[in-house]
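K.L.:
Assemble the whole structure, with the sequences as input and the hints as a guide.
The opening residue of the sequence shown carries number 1 in UniProt numbering; numbering runs sequentially from there.
Because the hints were derived from the structure by calculation, they are not lab data.
Errors might be hidden in some of the hints.
Calculated cross-link-like contacts (lysine-lysine; reagent style DSS-like; alpha-carbon spacing at most 25 Å) [stated by the list, open to error]: (1) Lys11 to Lys86; (2) Lys86 to Lys152; (3) Lys101 to Lys145; (4) Lys62 to Lys75; (5) Lys62 to Lys11; (6) Lys145 to Lys130.
Estimated spans, in silico, between C-beta atoms of each pair [unchecked claim]: (7) Lys11 to Lys130: 20 to 26 Å; (8) Ser5 to Gln85: 20 to 26 Å; (9) Thr119 to Arg14: 25 to 31 Å; (10) Glu149 to Asp44: 15 to 21 Å.
No residue lacks a Cβ here, since even glycine has one placed at the ideal position from N, Cα and C.
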Amino acid sequence: MPHTSIRLREKEIRPIHDQRHDADGFAPVADDYDEVIEAVMAHDFIIFSTPIYWYGMSGYMKNFVDRWSQSLRDKRYSFKESMGQKRAYVITTGGDQPRLKGLPLIQQFQYVLSFVGTTYDGYLIGEGNKPGDILGDKRAIEDAKLLNEWLKSQQ
1 MPHTSIRLRE
11 KEIRPIHDQR
21 HDADGFAPVA
31 DDYDEVIEAV
41 MAHDFIIFST
51 PIYWYGMSGY
61 MKNFVDRWSQ
71 SLRDKRYSFK
81 ESMGQKRAYV
91 ITTGGDQPRL
101 KGLPLIQQFQ
111 YVLSFVGTTY
121 DGYLIGEGNK
131 PGDILGDKRA
141 IEDAKLLNEW
151 LKSQQ
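P.N.:
Have a look at this one:
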């Protein structure tokens, strides 16, 4: 299936300097954010994947999502209009009862995606703390197979 993978940990995305209420809006930032958001906006379906860190998304993902405030005011993009034409799915994994304690992370994504008008299609939570642990979560593996089949049917 054709796709673009973006590893936020391999990109430099600076934390937001909140200038939402400044008359001139946001000052340009010299980092990789524009490249990443333009790649996201070029797709119809987005899978957000993040480990659960302290019951929320990773810092990399949080910096990225926080910068959406900048895109909302950026005259180069019709950000909310563009995101309103997209569909999204969230995949996450963690330890310490992730199917329960990961739900605030899922809810956060639901609120964020709702705000920008993106259709939220669901989530997959797996259990695993170290690399490779997820392979022992048979439920997550089966859910991933079903998700893969569903994604193929959406093309």
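K.L.:
Hints first: check each against the structure and report whether it holds.
P.N.:
Structure-based check of each hint:
1. Simply put, Lys11 and Lys86 have alpha-carbon atoms about 23 Å apart, close enough for the 25 Å limit, and the pair holds.
2. Distance check on the hinted pair: Lys86 and Lys152 sit about 16 Å apart at the alpha-carbon level, within 25 Å; holds.
3. For the hint linking Lys101 to Lys145, the alpha-carbon distance of about 23 Å falls within 25 Å, and the restraint holds.
4. Between Lys62 and Lys75, the direct Cα distance comes to roughly 23 Å. Compliance with the 25 Å bound is thereby established for this hinted pair.
5. A distance of roughly 13 Å separates the Cα atoms of Lys62 and Lys11; the hinted pair therefore holds under the 25 Å criterion.
6. Taking the CA atoms of Lys145 and Lys130, the gap is about 21 Å. The hint holds against a cut of 25 Å.
7. About 24 Å separates the C-beta atoms of Lys11 and Lys130, a value consistent with the hinted range of 20 to 26 Å.
8. Look at Ser5 against Gln85: about 21 Å separates their beta carbons, and that is inside 20 to 26 Å.
9. At roughly 29 Å, the beta carbons of Thr119 and Arg14 sit within the given window of 25 to 31 Å.
10. A hinted range of 15 to 21 Å holds for the C-beta pair Glu149 and Asp44, which are about 18 Å apart.
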